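A.B. asks: Residues per chain, in single letters:
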Amino acid sequence: MPVAAPPVPFIDFGNTAWVLISTALVLFMTIPALALFYGGLVRRKNILSVMMQCFISMAVISLIWVAFGYSLAFGPGHGALAGIIGGFDWAFLKNVGMEPSPYYISQSTARIPHIAFMIFQMMFAVITPALIIGAFAERIKFSAFLVFTVLWSVLIYSPIAHMVWSADGIFFKMGALDFAGGTVVHINAGFAALAAAIIIGKRKSKKAAPPHNLVYTAIGAAMLWFGWFGFNAGSALAADGLAASAFLATHIATAAAAVMWGLLDWLLHKKPTMLGVATGAVAGLVAITPAAGFVDIMGAMAIGFSVSVVCYFFVVVIKPFFGYDDALDAFGVHGIGGLWGALLTGVFATPVIQSAYKGLLYGNPNQLKVQALVSLTSIVITFFGSLILLKLIDMVMGLRVTEKDEAIGLDVSSHNERAYTLVE
Amino acid sequence: MKMIIAIIQPHRLEEVKEALYEADVNLMTVSEVLGHGRQLGVTEIYRGVKESGNLLRKIRLEIAVNDNFLDPTIKAIVKGAKTGELGDGKIFVYDLKDCIRIRTEERGSVAIG
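Going line by line, the protein sequences match chains A and B.
So the first sequence is numbered by the working numbering: it starts at 1 and just counts up by one.
So the second sequence is numbered by the working numbering: it starts at 1001 and just counts up by one.
Don't read these hints as lab results, they were simulated from the structure.
Remember, it's a predicted structure, so these values are computed and weren't measured experimentally.
We treat Cβ as the ideally placed atom computed from N, Cα and C, and that holds for glycine.
It is possible that part of the hints are untrue.
Claimed, not checked - With a straight-line Cα cutoff of 30 Å, these simulated DSS-like cross-link-like pairs (lysine-lysine) come out:
{"no.": "1", "chain 1": "A", "residue 1": "K271", "chain 2": "B", "residue 2": "K1082"}
{"no.": "2", "chain 1": "B", "residue 1": "K1058", "chain 2": "A", "residue 2": "K270"}
{"no.": "3", "chain 1": "A", "residue 1": "K202", "chain 2": "B", "residue 2": "K1050"}
{"no.": "4", "chain 1": "B", "residue 1": "K1050", "chain 2": "A", "residue 2": "K204"}
{"no.": "5", "chain 1": "B", "residue 1": "K1097", "chain 2": "A", "residue 2": "K204"}
{"no.": "6", "chain 1": "B", "residue 1": "K1075", "chain 2": "B", "residue 2": "K1017"}
{"no.": "7", "chain 1": "A", "residue 1": "K404", "chain 2": "A", "residue 2": "K173"}
{"no.": "8", "chain 1": "B", "residue 1": "K1097", "chain 2": "B", "residue 2": "K1002"}
{"no.": "9", "chain 1": "A", "residue 1": "K270", "chain 2": "B", "residue 2": "K1017"}
{"no.": "10", "chain 1": "B", "residue 1": "K1002", "chain 2": "A", "residue 2": "K271"}
{"no.": "11", "chain 1": "B", "residue 1": "K1017", "chain 2": "B", "residue 2": "K1097"}
{"no.": "12", "chain 1": "A", "residue 1": "K404", "chain 2": "A", "residue 2": "K391"}
{"no.": "13", "chain 1": "B", "residue 1": "K1017", "chain 2": "B", "residue 2": "K1050"}
{"no.": "14", "chain 1": "A", "residue 1": "K404", "chain 2": "B", "residue 2": "K1050"}
{"no.": "15", "chain 1": "B", "residue 1": "K1050", "chain 2": "A", "residue 2": "K271"}
What the hints assert, rightly or not - Quick list of simulated restraints, FRET-style, between CB atoms:
{"no.": "16", "chain 1": "A", "residue 1": "I297", "chain 2": "B", "residue 2": "K1050", "range": "33 to 43 Å"}
{"no.": "17", "chain 1": "B", "residue 1": "L1027", "chain 2": "A", "residue 2": "I318", "range": "49 to 59 Å"}
{"no.": "18", "chain 1": "B", "residue 1": "I1005", "chain 2": "A", "residue 2": "P272", "range": "31 to 41 Å"}
{"no.": "19", "chain 1": "B", "residue 1": "R1107", "chain 2": "A", "residue 2": "Y420", "range": "16 to 26 Å"}
{"no.": "20", "chain 1": "B", "residue 1": "L1086", "chain 2": "A", "residue 2": "A407", "range": "27 to 37 Å"}
{"no.": "21", "chain 1": "B", "residue 1": "I1091", "chain 2": "A", "residue 2": "A407", "range": "29 to 39 Å"}
{"no.": "22", "chain 1": "B", "residue 1": "L1027", "chain 2": "A", "residue 2": "Y420", "range": "40 to 50 Å"}
{"no.": "23", "chain 1": "B", "residue 1": "V1033", "chain 2": "A", "residue 2": "K404", "range": "25 to 35 Å"}
{"no.": "24", "chain 1": "B", "residue 1": "E1044", "chain 2": "A", "residue 2": "E403", "range": "19 to 29 Å"}
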């Protein structure tokens, strides 16, 4: 009997097409979706500064990523640090080309080109620091923002991505489940945002100003919902049943979370609000991110309904109680929603979706323990790492604009342009 | 000549305009303004955070009239704007020194209508 040769990985056209489209969808989440979502929430004198921060993050992080960010995150590691961070083997995309990617999820041989995986991951590397913008909006110095974003991407994002997603990563080896970035993206950015809100301090205005254009915010949230299909279903890295399942779970969790936030508004504050439903949708998207490829629609609904309750409590009760000025709730929605999703992935992961993975509800309490351990370790790394990084930047160059520039608004004081004219 | 400035509820503007046209007052300047009287503003809730003392949207009408049109104009504004609730607004009347129609450079009473 002749023995079959081991299957050789090859480039699958359908998978490649889906991942490239997903890459563009995830780009769309940062610009314009997040830029609009955040831009509508700030005062009219600061919208361009927020959009500028999103836009320039896209440009700068993309360059860092091909230079060495990708290599540090996904490249082979060396020696004692192999589980923590990759080396420079793939710097400037050396050895990263059109051949089949070494990273894949659901299909062992039908793969995508390595560069397709690299650029898909680039969009994740861009949006993660961009999420933190919500914490220091309306008061950060642009130069300090740039330094922070670059250093944070290299010193915090790449190692966490390596630990969770690289085949060498210590969390990956522990069996942590993070389908599309609940830990790497949302816990990571969310707890960095808490550190940022604490270090930079409150905005100077005596009372909180209402959002200046909730239409932008609603459009931005809708575009995030749209782009998130690339984020989550694209993370299957194949155009297959798992991608469809992740797509469905993403949608149902988001629907449930939007409904629940609207209901909480209605019950506790008498009227359902557009901002509430949009915020709920984003919280749902965040929470389903780690779970998308592991849970069925019952799990997705449980995650969606519950995350709005948890995030609502943090945004409405905890934040005012402690008094940190997380201006646009980057921590309350992404940090807390990401943590909640990571934990519930350990509860609702079902072997019906991927036979190898099951959570507490399906007889594997250990998964929840692993999720909790990995989440908490990541929180410690990102929170204290960001705290130290921000403190150093503050000492060297100052994080905040002057009180006068803050009062004038960053659009004019940092960028010398304004979003709206009064007379044509 | 008098200058009438009226602050009214935005949702009564159509009724006020109708009443003014009926009274043959066809010339006015309308602007959107912010302010509050005895209702002391509104409380809005964003992500569960109450923001009180927000200024309310109001409409400001400016109408210049000859003296014989003063009372009919005031009556028309009241007719259109009155609901009997707090926030219906106020009407202020000033003496008007002069009025110049730019196109013809006419001055005084003839320039108003």
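A.B. asks: A separate judgement is required for each hint: does it hold in the structure or not?
C.D. replies: Consistency of the hints with the structure:
no. : hint                         : verdict
1   : A:K271 - B:K1082             : 28 Å, holds
2   : B:K1058 - A:K270             : 25 Å, holds
3   : A:K202 - B:K1050             : 18 Å, holds
4   : B:K1050 - A:K204             : 18 Å, holds
5   : B:K1097 - A:K204             : 45 Å, violated
6   : B:K1075 - B:K1017            : 12 Å, holds
7   : A:K404 - A:K173              : 51 Å, violated
8   : B:K1097 - B:K1002            : 8 Å, holds
9   : A:K270 - B:K1017             : 34 Å, violated
10  : B:K1002 - A:K271             : 45 Å, violated
11  : B:K1017 - B:K1097            : 25 Å, holds
12  : A:K404 - A:K391              : 22 Å, holds
13  : B:K1017 - B:K1050            : 35 Å, violated
14  : A:K404 - B:K1050             : 27 Å, holds
15  : B:K1050 - A:K271             : 13 Å, holds
16  : A:I297 - B:K1050: 33 to 43 Å : 36 Å, holds
17  : B:L1027 - A:I318: 49 to 59 Å : 57 Å, holds
18  : B:I1005 - A:P272: 31 to 41 Å : 38 Å, holds
19  : B:R1107 - A:Y420: 16 to 26 Å : 38 Å, violated
20  : B:L1086 - A:A407: 27 to 37 Å : 34 Å, holds
21  : B:I1091 - A:A407: 29 to 39 Å : 36 Å, holds
22  : B:L1027 - A:Y420: 40 to 50 Å : 30 Å, violated
23  : B:V1033 - A:K404: 25 to 35 Å : 28 Å, holds
24  : B:E1044 - A:E403: 19 to 29 Å : 27 Å, holds
In this structure, the hints that do not hold are numbers 5, 7, 9, 10, 13, 19 and 22, in rising order.
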